[in-house]
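Enquirer: Here is what each chain is made of, one letter per residue.
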Amino acid sequence: MWDQRFETILRQHLPFLDPEEPLLGGTSLRDSGLDSLAMVELLAMLESEYNVRFVDEAMSMETFATPETLWSAINDMLGASV
Amino acid sequence: MTQHPDYALSGRFLQGLAAAPRATALHLPSGPVSYEELHDTALRWAGALAAGPDGPPRVVGILAGKTLESYAGLLATLYVGATAVPLHPEFPATRTARMLTACGVSTLLLDDAGLAVRAELGDVVSGVPVLAPVVDPGGSSTGLRLPVASATPLAEPHPAGPDDVAYVLFTSGSTGRPKAVPITHGNLRHYFSVLDDRYGFGPDDRFSQSFDLNFDCAMFDLFCAWGAGASMHPVPPGAYRDVPAFVAERGLTVWFSTPSAITLVRRTGRLVPAAMPSLRWSFFAGEALHAADAVDWQTAAPGSTLENIYGPTELTVTITGHRWSPQTSPGLCVNGLVPIGSLHDGHDGVLLDADGAANEVEGELLVTGPQLTPGYLDPADDEGRFLIRDGRRWYRTGDRVRRLRNKELIYLGRLDAQVQVHGWRVELAEIEHALRGCPGIEDAITVARAGAGGTELVVFYTGEPTAPAELSRQLRQILPKGMLPRSYRHVPEFPLNSNRKVDRARLARTAAEA
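Going down the list, the sequences are from chains A and B.
Each residue of the first sequence is one higher than the last, beginning at 1 in this note's numbering.
Each residue of the second sequence is one higher than the last, beginning at 1 in this note's numbering.
Because the hints were derived from the structure by calculation, they are not lab data.
Owing to the predicted nature of the structure, the values given are computational and were not obtained by experimental measurement.
Where is the CB? At the ideal position from N, CA and C, for every residue including glycine.
Hints should not be assumed to be uniformly reliable.
[To be verified] Facing chain B, from chain A, some residues (calculated, C-beta under 10 Å):
| # | residue |
| --- | --- |
| 1 | E20 |
| 2 | M39 |
| 3 | D56 |
With the hints as constraints, model all of the structure from the sequences given.
Expert: In structure tokens:
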């Protein structure tokens with residue numbers, strides 16, 4: 001499960017997700033309002049928060065599909081950097 | 001060396017090839033591709049296209065992202081004398097299928113993303129030969145997968161006449177049916193001769209390539225760069241998190257994008273003085289350019305000449321330009337928007353008021369001249385969009401403009417319910433039509449508002465309250481992602497104006513206040 005920092009940053013970019021609504025692992029980020037502009041911003045915020053860098057191949061709709069896929073991509077990078 | 005075909009758009013690439021054969025024509029994320037390599041690739045693919053079951057294709061649909069397939073595929077299509085139809089793999093399959101039918105695509109050229117979409121296209125593409133030159137170079141024996149490995153390369157690019165169609169692109173239609181706009185080699189020849197005179201790009205220039213290939217501004221990038229023997233650099237999605245770093249890494253001298261890129265660079269904290277010293281030119285098109293954005297970009301790219309360029313697809317990419325001057329331009333701005341400038345040489349414009357009379361100062365902009373499309377592919381779409389006046393055919397842009405004291409034009413707004421979101425022309429009626437097809441929705445009104453990242457759409461709807469994510473998911477099946485609304489609001493009923501019509505203006509104010 002992801003940490004609170006991740007959830008806070010992610011929710012800022014999901015205009016269609018009500019604050020009362022739970023963020024589930026399989027929630028579709030695109031359907032929750034993540035557009036291409038917000039995706040770039042989100043990317044920049046996550047990179048500076050976790051001190052990681054997404055490679056171009058990771059910048060796909062698959063990576064940004066759900067909280068789960070995105071968190072797992074970050075975890076992979078964190079794992080690789082230690 | 002062969003004589004360059006007189007009107008063929010591909011002649012611009014051959015010009016660059018002759019000037020700088022070993023230089024980089026295209027810099028993909030995987031690495032640079034030289035003019036010679038790209039030329040040889042395009043000749044091989046053109047040979048494969050020509051060897052199809054029905055001989056050389058008439059119309060090639062290029063369903064691919066910003067991959068080698070798009071760039072070499074476009075050249076190969078032009079080399080074989082066919083019309084190119086660039087298509088976007090992320091567009092909904094139903095929409096792409098309608099486009100393929102509308103322009104009678106006779107061969108498909110696909111990358112891996114395009115191949116995945118092809119599976120969803122259904123009957124429309126059964127029997128249409130496929131060339132997937134990188135993913136499947138061997139083809140298959142059934143004949144529907146054209147082999148590139150065993151094909152004989154085309155000996156030389158085919159010539160083209162002024163009336164031959166170079167490409168077909170689609171614009172949003174009010175009925176939900178996209179309209180096909182053919183642009184001829186003659187249209188493009190005039191267009192690029194104007195640009196050559198205006199900018200004088202050279203082999204040392206390095207162009208950004210931010211636009212998707214189904215957006216005609218991409219043609220500016222490709223054929224300005226190639227005509228000059230310069231290199232062109234598709235901007236990968238990740239580069240947007242730090243645009244100045246990408247500009248510096250590639251040593252870009254020419255930047256061209258929609259104005260939303262300015263917002264993005266600002267929001268990522270990179271729009272700072274002299275952040276992009278290598279830029280000689282900065283171009284913005286596709287949406288209204290705000291004066292404040294122009295000022296900030298100019299400060300970040302102080303060595304560049306900044307232009308706001310404007311034009312509908314029907315008039316070949318762009319038809320006007322305003323060169324920004326930090327001294328004089330701010331005084332010309334209206335409603336905080338930068339002028340769109342003067343019409344390209346060889347064109348005439350007239351402003352029509354609501355009664356259809358010519359007005360010196362303000363009205364709908366009509367344009368005629370050598371960049372004007374011969375008309376929509378389906379003549380039924382021409383209705384009301386073209387006007388015969390003084391014995392000439394004019395295109396009605398649907399844009400309200402004002403003529404400034406210095407005779408330049410400035411954009412005021414649309415006459416109809418059309419807006420531009422991140423450069424995509426959107427008919428509000430098209431979105432409303434789509435929403436009314438959602439279960440539980442009675443009626444829907446869409447309005448535009450100025451958001452932090454450019455124009456945004458806001459939907460008001462009646463019927464059953466529905467989760468926004470659900471509506472978004474429904475719309476995504478039928479609309480490109482660039483058209484998706486930013487907010488959905490349920491209302492018990494719409495406000496009405498004094499004519500008992502839905503008060504769109506009031507809804508627009510409500511949306512803007514939020």
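Enquirer: All hints, please: hold or fail.
Expert: We went through each hint and held it up to the structure:
1. E20: Violated - the Cβ of A/E20 stays beyond 10 Å from chain B, reaching only about 12 Å at its closest.
2. M39: holds (8 Å)
3. D56: With a closest approach of 5 Å, the A/D56 hint holds.
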